[in-house]
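K.L.:
Here's the letter readout for the chains.
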Amino acid sequence: MSENSAFTRGWKRPPLIASPWLRWGLLIGGMVYLVLAFGTLDVNWDRVSAGLPRAQRFLGSFFPPDFTSRWEDIYIGIFESLWMTVVSTVVGIAVSIPVGLGAARNLSSRPVYLFCRGVLAVSRTFPEIILALFAVKLFGFGPFAGIIALSIATIGFYGKLLAEDIEDMDPVQAEAIKSTGASWLQWLNYSVQPQVMPRMIGLGLYRLDINFRESAVVGIVGGGGIGATLLTSFDRYEFDSAAAILLVIIGIVMLVEYSSGYIRQWVQ
Amino acid sequence: MLRIDNLTKRYKTGDTALKSVDLEIPRGQVLALIGPSGAGKSTLIRCVNRLVEPTEGKVSLDGLELTTLGTGELRRARRRMGMIFQEYALVERLSVMENVLSGRLGYVSFWRSFTRRFPQEDVTEAYRLLERVGLDHMADKRADELSGGQRQRVGICRALIQDPALLLVDEPTASLDPKTSRQIMRLICELCAERDLAAIINIHDVLLAQMFARRIVGLQLGEIVYDGDPDGLTADKLTLIYGEEDWEATIEKVDDEDDESSVEAELEAAL
Amino acid sequence: MSAKQQGELKVWQRRTPIQHWLNWAGWFIAVAIFVYCWQLVSDKTVWMFVWDAPSQASDMASRMVPPKWSYMSSLWRPVWDTINIATLGTMMAVVMAFPVAFLAARNTTPSVRFVRPVALFIIVSSRSINSLLWALMLVSIIGPGILAGVIAIGLRSIGFCAKLLYEAIEEIDESQVEAIVATGASGTQILNFGIVPQILPAFAGISVFRWDINIRESTVLGLVGAGGIGLQLNASINTVSWTQVSVILLVILATVIVSEWVSARVRHAII
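Chains as they are written, first to last, in numbering that gives the first Met the number 0: chain A, 0 to 267; chain B, 0 to 270; chain C, 0 to 270.
Just chain A, same shape as in the assembly (with noise of 0.2 Å):
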């Protein structure tokens, strides 16, 4: 090996993925998917093309928007929504406190830690507008179904990820309370409860916050809040006052996100 060779060599970047099977394989697939999925996205295009002026009507209508002429409307929705999103993160939470102590493997025995698993699973699986038109077919059209809704799935989330927290907290320093001969209450409440609390009231917050924007679509399908409100807007072309409750939607959202880092900071 002459020590020319080592200075003519070139250099290239050495691939991402290492196997030129698989680097090809997946750059073709993807091309193959790509066309195939632009190929069925079937555009309107006239229809789209009608819609521009339309959009520009919509964009221009946020300058400025119209809080005025449907008022009433806005701030019944508005505080419907306000009021389900406090019941519902209340309702959803208190529920899943036992849930979540049972979906932890270090609190539990198997078959409640199976059972409590299944249940977050379930109500975790599906978004929370479908939960929805469930709860309307049940409960009739109105807020109490959009509750049940939002509740349910605040269980799923927030019942997880407090089994989660259970499971990573530090095991002495429950140990150490168990060795003093604690009952299991106490135990909770002296090495459990320290440990998660912070926490979770951080993410009962941002569940709050969750409650709150998803309370706006629960309305779509009849469970109540501002989406009703929105939709008619849409429905009838009134964008002023769609732009109206979009920013009100926003600044509420903003002003939530805004104290609840106050909040959390607080508590630490």
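Among these hints, one or two may not hold up.
[What the hints assert, rightly or not] With a straight-line Cα cutoff of 20 Å, these simulated DMTMM-like cross-link-like pairs (lysine to aspartate or glutamate) come out:
#1 Lys-162/C x Asp-208/A
#2 Lys-9/C x Asp-226/B
#3 Lys-136/A x Asp-51/C
#4 Lys-178/B x Asp-162/B
#5 Lys-159/A x Asp-169/A
#6 Lys-57/B x Glu-23/B
#7 Lys-9/C x Glu-124/B
#8 Lys-43/C x Glu-71/A
#9 Lys-9/C x Glu-120/B
#10 Lys-43/C x Asp-72/A
FYI, nobody ran anything at the bench for these hints, they're computed from the structure.
We have chain A; now place chains B and C onto it with these hints.
P.N.:
Chains B and C only, in chain A's frame:
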């Protein structure tokens, strides 16, 4: 007072941590349990208060058979065995006082403990103990604000407020510097003497064990291979417990003085 | 502090009296708000329907079995559309989120005072509006169809991806960037060699994570006419064909589980 008969523990993984261990500890005796990592020291003391369920054998405290107790009875029995942990095991987000009072959980009802309304005697005793270990001014600090030595003192208070007959001490000095280690060991031994408590102290530092305990038990692969006084712990015996190594430096007798020079000597010896 | 001397006794309370009352007041207000909200729920609810719900539910469940498996053959296309909505929407979002994230991250934004707030506002508005609301809007503007779904998913995901991405950018190791700057690299070269390699794993992870969420969300977009399997669900419920509904639910379930599995595998491979 504490009797361990034929205690055996096999984990689900198939590892045998303890092989028919027999041990008897009279009232007021401080016993140091030494041995290499994985010898089963931790398992042994956790089998006593059944944080780990023994596979076979009996453990009895003052004639009360512990291995067959139901949950409620076990809780009552655990009150009589205070436990001190390696990493202090304080509940970090609770205050020092709450940590100390958690030692009384076995005595008070759930509602009282939940609302933190402990009986006045307990609170008085907690303050007395904190004063004894020099931490009464820290009572309302959160446990995670304390230094290692301070945390271990709080851990000791939590164990003592249980009014135990026996202390189970799991590597009390493993996370501490040499000087604090000695202070903690001295504190534990003094308190045991004051209250006529028996103690099993798991410790990997042979020097500290010799310095403070009057009886040493050496554990190797789940079996007791040495049981006697500290002076009898010769190089041969240490080889038996830990394996081949030059033990001369370790056996060297160090005065139990708290001045800096002896700490340095100990540091040198440890190196 | 919360310890106070009462004659001879040292009393301990977890909280000072003021904290104690604030605590009670806080709980009282929280409970009052909840009760008030519950009152509003109660007013708006026909309780007769609620008491009737269990029998309704069992009735509905009994009408859902056995699932009409033959209906599967007309579901393949909607499932394909659903997956496409999620995938193309995620791709669109990722492409747009990339620059937005760089504009929003404190350490890469060209102007903290002017550009960053705009980028943050884009992120917040995209995140606060549910994909279903975006779809509602788009259907009303460009008409029903898959395209509306793709754009809705895309618009909703920009905020999510950009938020996680800009947080990742803000956490990068500055010394690596410094090293590249020290070589005399230009702005885009710094980006290419100093920043992008550090955030690429996070970026890929975020994209796959969002894709998984988008599969879930695109199953329901059909409810407002934006394509995918939700259309069939809506139609089947409206025509009370419960045996078809159960097939659709099972298909959604399967899709969600498979996408979760795929995303977990891919994320595992990346990280």
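K.L.:
Please work out if Lys-57/B and Glu-23/B have their alpha carbons no farther apart than 20 Å.
P.N.:
12 Å, holds
K.L.:
Regarding the pair Lys-136/A and Asp-51/C, is the alpha-carbon distance no greater than 20 Å?
P.N.:
12 Å, holds
K.L.:
Check whether the Cα positions of Lys-178/B and Asp-162/B lie no farther apart than 20 Å.
P.N.:
With Cα atoms ~28 Å apart, Lys-178/B and Asp-162/B exceed 20 Å; violated.
K.L.:
Between the alpha carbons of Lys-162/C and Asp-208/A, is the straight-line distance 20 Å or under?
P.N.:
16 Å, holds
K.L.:
Verify the proposed pairing of Lys-43/C with Glu-71/A, using a straight-line Cα cut of 20 Å.
P.N.:
Holds, at roughly 18 Å.
K.L.:
For Lys-43/C and Asp-72/A, compute the direct alpha-carbon distance and say whether it is at most 20 Å.
P.N.:
With Cα atoms ~16 Å apart, Lys-43/C and Asp-72/A stay inside 20 Å; holds.
K.L.:
For the pair we were handed, Lys-9/C and Asp-226/B, check the Cα-Cα distance against 20 Å.
P.N.:
Cα-Cα ~45 Å, so violated.
K.L.:
Take the C-alpha atoms of Lys-9/C and Glu-120/B, compute the straight-line distance between them, and say whether it is at most 20 Å.
P.N.:
10 Å, holds
K.L.:
Sort out whether Asp-169/A lies within 20 Å of Lys-159/A, counting only the CA atoms.
P.N.:
18 Å, holds
K.L.:
Do the alpha carbons of Lys-9/C and Glu-124/B lie within 20 Å of each other, as the hint requires?
P.N.:
10 Å, holds
The structure is inconsistent with the numbered hints 2, 4, although it conforms to all the rest.
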